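These protein sequences, in sequence, are chains X and A.
The working numbering puts the last residue of the first sequence at 202; the count rises by one with no breaks.
The working numbering puts the last residue of the second sequence at 404; the count rises by one with no breaks.
Derived by calculation from the structure, the hints in this document are not laboratory data.
You may find that some hints are simply not true.
Said to hold, decoys possible - Derived lysine to aspartate or glutamate pairs resembling DMTMM-like cross-links, with alpha carbons at most 25 Å apart: (1) A:378 / X:14; (2) A:219 / X:46; (3) X:57 / X:14.
Said to hold, decoys possible - Footprint (simulated), chain A over chain X, 3 or more residues, beta carbon under 8 Å: (4) 105 to 114; (5) 121 to 130; (6) 175 to 189.
Stated by the list, open to error - A few chain A residues that face chain X, going by a derived Cβ cut-off under 8 Å, partial list only: (7) 224; (8) 228; (9) 241; (10) 254; (11) 257; (12) 263; (13) 277; (14) 284; (15) 317; (16) 318; (17) 319; (18) 325; (19) 371; (20) 373; (21) 374; (22) 375.
Computed from a prediction, not measured in an experiment: that's the story for all the values here.
Built from N, CA and C at the ideal position, the CB exists for glycine as well.
Number of protein chains: 2
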Amino acid sequence: MNLTHDDIDRDELERRKALYGPLTDAVRDLVDATIRTEVDDAVIREVHAEIAAATAKLRATQIDGAFGMRRAATGEQFAWGNAGVGLKNAIAPPLVIERDDTGRHWTDVTLGAAYEGPPGHVHGGICALVLDHLLGVTASAAARRFTGTLTLRYVRATPLGPLRGEADVVSVVGRKATVRGTLSDAAGVTVEAEGIFIAPAS
Amino acid sequence: MNLTHDDIDRDELERRKALYGPLTDAVRDLVDATIRTEVDDAVIREVHAEIAAATAKLRATQIDGAFGMRRAATGEQFAWGNAGVGLKNAIAPPLVIERDDTGRHWTDVTLGAAYEGPPGHVHGGICALVLDHLLGVTASAAARRFTGTLTLRYVRATPLGPLRGEADVVSVVGRKATVRGTLSDAAGVTVEAEGIFIAPAS
């Protein structure tokens with residue numbers, strides 16, 4: 001894995017989180033508003049110009065290419081550009097993945113207008129994004145982090161709104177781990193997933 | 203399917219495309235810049251305030267909830283909030299799906315920093331989003347539009363940059379269609395996909 005060392009201490013890491021997290025939340029809110037707006041053409045054009053100007057300010061100093069994975073002096077790794085969990089990525093919901101002592105992992109996430117596929121429902125590919133990321137983190141905890149295969153069974157359409165993802169390692173044989181998970185709304189499971197994950201060759 | 207009738211003619215539809223498409227492109231550019239920026243804290247805070255103000259302007263008049271699927275007076279359907287193809291959705295790359303007379307479908311798409319998973323590579327869940335959408339459109343052309351299952355085999359990591367997705371219907375038996383597809387970079391296939399799609403009960 002390409003890991004960039006970013007020689008910052010805990011205070012500096014927390015300072016950056018407090019700076020960038022709210023900016024990214026504001027951009028997420030803009031993404032939602034861009035979909036749902038019905039204001040007059042003149043306002044659309046005015047906002048367009050304002051966003052272009054704001055973007056130019058941000059680009060005055062920027063990294064080449066994508067964010068990658070960095071490690072602070074504390075050892076903490078951060079992938080702030082990640083499409084699933086990235087603190088600086090307005091595409092990411094962002095997922096917050098939790099775990100208990102048994103190795104079970106879960107995430108509670110609310111998906112709004114920006115994640116729509118069928119009218120009023122979550123895009124099947126976004127369900128796949130949530131489950132791919134959750135199962136991947138679950139497998140990584142068992143040291144099998146490369147996705148081999150991922151199979152999704154769409155039980156019924158997933159409504160936009162509050163959802164829960166859950167995943168467990170069901171078996172580990174040699175370098176392979178099998179992880180199963182579900183995506184659910186309040187009425188039960190909407191998507192089932194099974195992934196085969198592989199440990200790096202030692 | 204919930205279909206909202208939007209009683210607009212072709213000229214009005216084209217006018218709205220020309221208005222909203224560039225605004226959404228500007229928001230996509232902002233999403234990228236938010237990930238890659240390294241400007242000073244004061245500039246981040248200034249841009250944050252500007253984006254919040256722009257968002258408030260857009261929200262002065264807005265629809266409740268998600269965009270859904272609409273049909274113009276011309277019969278053309280448009281799902282501008284869709285996470286895969288939506289003209290108003292800055293999360294969507296957006297995919298542009300093409301087809302030939304044989305039923306083969308494909309899409310050429312360039313995925314940048316906002317779609318990152320492993321450093322320098324496309325998030326596995328974003329590969330799934332592209333393939334889910336492409337296979338779904340391919341199946342819809344064969345009148346089997348509900349995703350039953352989707353299986354993804356990750357052959358190797360998919361680099362950020364220009365990619366091609368391709369899909370074909372390989373069999374139709376009763377209400378079920380099997381569709382296979384691939385995601386590729388210039389060096390060949392990175393992800394293989396197979397989906398089972400089901401026709402609505404008649």
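Hints, one by one, checked against the model:
no., hint, result
1, A:378 / X:14, "violated (52 Å)"
2, A:219 / X:46, "holds (17 Å)"
3, X:57 / X:14, "holds (23 Å)"
4, 105 to 114, "holds (count 3)"
5, 121 to 130, "holds (count 7)"
6, 175 to 189, "violated (count 0)"
7, 224, "holds (6 Å)"
8, 228, "holds (5 Å)"
9, 241, "holds (5 Å)"
10, 254, "holds (5 Å)"
11, 257, "holds (5 Å)"
12, 263, "holds (5 Å)"
13, 277, "violated (17 Å)"
14, 284, "holds (6 Å)"
15, 317, "holds (5 Å)"
16, 318, "holds (5 Å)"
17, 319, "holds (6 Å)"
18, 325, "holds (4 Å)"
19, 371, "violated (18 Å)"
20, 373, "violated (19 Å)"
21, 374, "violated (19 Å)"
22, 375, "violated (18 Å)"
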